[in-house]
Amino acid sequence: MNCLIVDDNKIARITLRKMVSLDPSLVLVGECPDATDAYQKILQQPIDLIFLDVEMPGMSGIELVKSLGQHQPLIIFTTSKKEYAAEAFDLQVADYITKPVTPVRFLQAVEKAKASFKKKPTTASATASNEFIFIRDSNVVRRLKAKDILFLEAKGDYVQIFTEEKQYHIHATLKSVEEKLSADLFLRIHRSFIINVGKIDTLEGKTIIIHKHVIPVSDAYRSLLNNRMQIL
Amino acid sequence: MSTSYDFIDLSYIEQVSNGDKAYEKEVLELFVECMLTDLETVKVHFDAGDYHQLRKTLHYMLPNMSIVGLDLRLREELDALDHEQPNTARHIDHIDRICFLCTKARLEAIILLRSSF
Numbered sequence: 095m096n097c098l099i100v101d102d103n104k105i106a107r108i109t110l111r112k113m114v115s116l117d118p119s120l121v122l123v124g125e126c127p128d129a130t131d132a133y134q135k136i137l138q139q140p141i142d143l144i145f146l147d148v149e150m151p152g153m154s155g156i157e158l159v160k161s162l163g164q165h166q167p168l169i170i171f172t173t174s175k176k177e178y179a180a181e182a183f184d185l186q187v188a189d190y191i192t193k194p195v196t197p198v199r200f201l202q203a204v205e206k207a208k209a210s211f212k213k214k215p216t217t218a219s220a221t222a223s224n225e226f227i228f229i230r231d232s233n234v235v236r237r238l239k240a241k242d243i244l245f246l247e248a249k250g251d252y253v254q255i256f257t258e259e260k261q262y263h264i265h266a267t268l269k270s271v272e273e274k275l276s277a278d279l280f281l282r283i284h285r286s287f288i289i290n291v292g293k294i295d296t297l298e299g300k301t302i303i304i305h306k307h308v309i310p311v312s313d314a315y316r317s318l319l320n321n322r323m324q325i326l
Numbered sequence: 857m858s859t860s861y862d863f864i865d866l867s868y869i870e871q872v873s874n875g876d877k878a879y880e881k882e883v884l885e886l887f888v889e890c891m892l893t894d895l896e897t898v899k900v901h902f903d904a905g906d907y908h909q910l911r912k913t914l915h916y917m918l919p920n921m922s923i924v925g926l927d928l929r930l931r932e933e934l935d936a937l938d939h940e941q942p943n944t945a946r947h948i949d950h951i952d953r954i955c956f957l958c959t960k961a962r963l964e965a966i967i968l969l970r971s972s973f
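Chains A and B, in that order, give the protein sequences. Letter by letter, the first sequence follows residues 95 to 326 in my numbering. Letter by letter, the second sequence follows residues 857 to 973 in my numbering.
Hints in this document: simulated from the structure, not taken from any laboratory. Warning: the hint list may mix true and false statements.
Pairs of lysine-lysine residues, derived as DSSO-like cross-links and limited to a Cα-Cα distance of at most 27 Å, are as follows [claimed, not checked]:
no.: 1; chain 1: A; residue 1: 176; chain 2: B; residue 2: 912
no.: 2; chain 1: A; residue 1: 175; chain 2: B; residue 2: 960
no.: 3; chain 1: B; residue 1: 912; chain 2: A; residue 2: 104
no.: 4; chain 1: A; residue 1: 112; chain 2: B; residue 2: 899
no.: 5; chain 1: B; residue 1: 881; chain 2: A; residue 2: 239
no.: 6; chain 1: B; residue 1: 877; chain 2: A; residue 2: 104
Please construct the entire structure, taking both the sequences and the accompanying hints into account.
Structure below.
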């Protein structure tokens, strides 16, 4: 399994590197001091497992996982605090271990990740299954092509889906919809907005325009957006 | 390296290293280097009265503390920092003790590096 260590603390990275060497099935392909660097690496090369710190300057480990969508490799959170455990497990991570990480606990977490790895569908099939989504529109269940969606906005208990022709309201949380969308096409850029990156017309300051709709970009997601846009 | 010390506990490093002296040396050198910078940062935030940044710095220091067992010795103080009112005598006492033990542990690690590697 190709694995990546993401931690802003150098001692933690060295210690995790030492522990990775305990299991010959793990191939360490990189170490990152922050989540933005990790995000780029994950898009550039196949990574099966990430040992991920939670609290880091800029983007947190939890924000990184949320931004990955279908690109999400298996995650083992490594953190000094237990308080993020519930949120972490909501993200369906393989395990959550607190520092200082002992070799025994580390290997237990790796075994859990390996078991999940065997069950995980391939990226290709996961992407293919997300080329469209089904939504409940009044009394019918409607198929929406993902490529036709401009962006989605959270509005209380509803999510508003914008296409060029029409807007749909569905009773759902933005998070639950996000999980069903392909991260190849979509990106969260704000607590209340997910956009289809390919539909962006312009980006100016803290706003983007998609089909005459003005959408805010929050600071926390700005670097992710820049990375995805690959601005020349 | 199994000698006992007053401020640092090497059992975790030895458990991870499994006899790899290069790892032990690298980690201890980093501990010495990082702790110096981190303690200076704590002092800057303390002097500025910025308790939010001070807490963040102490959180960042936790993995470094835990590598030499300081997290266990300072558990009460570290736990208290997350809950107690900043800028009280008790809060300042806790920060003082954390800084005192970290400073002593750092000095002990320097002596260990000079004598054992």
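Hint numbers not upheld by this structure, sorted from lowest to highest
Hints 4 and 5 are the ones this structure does not satisfy, whereas the remaining hints hold.
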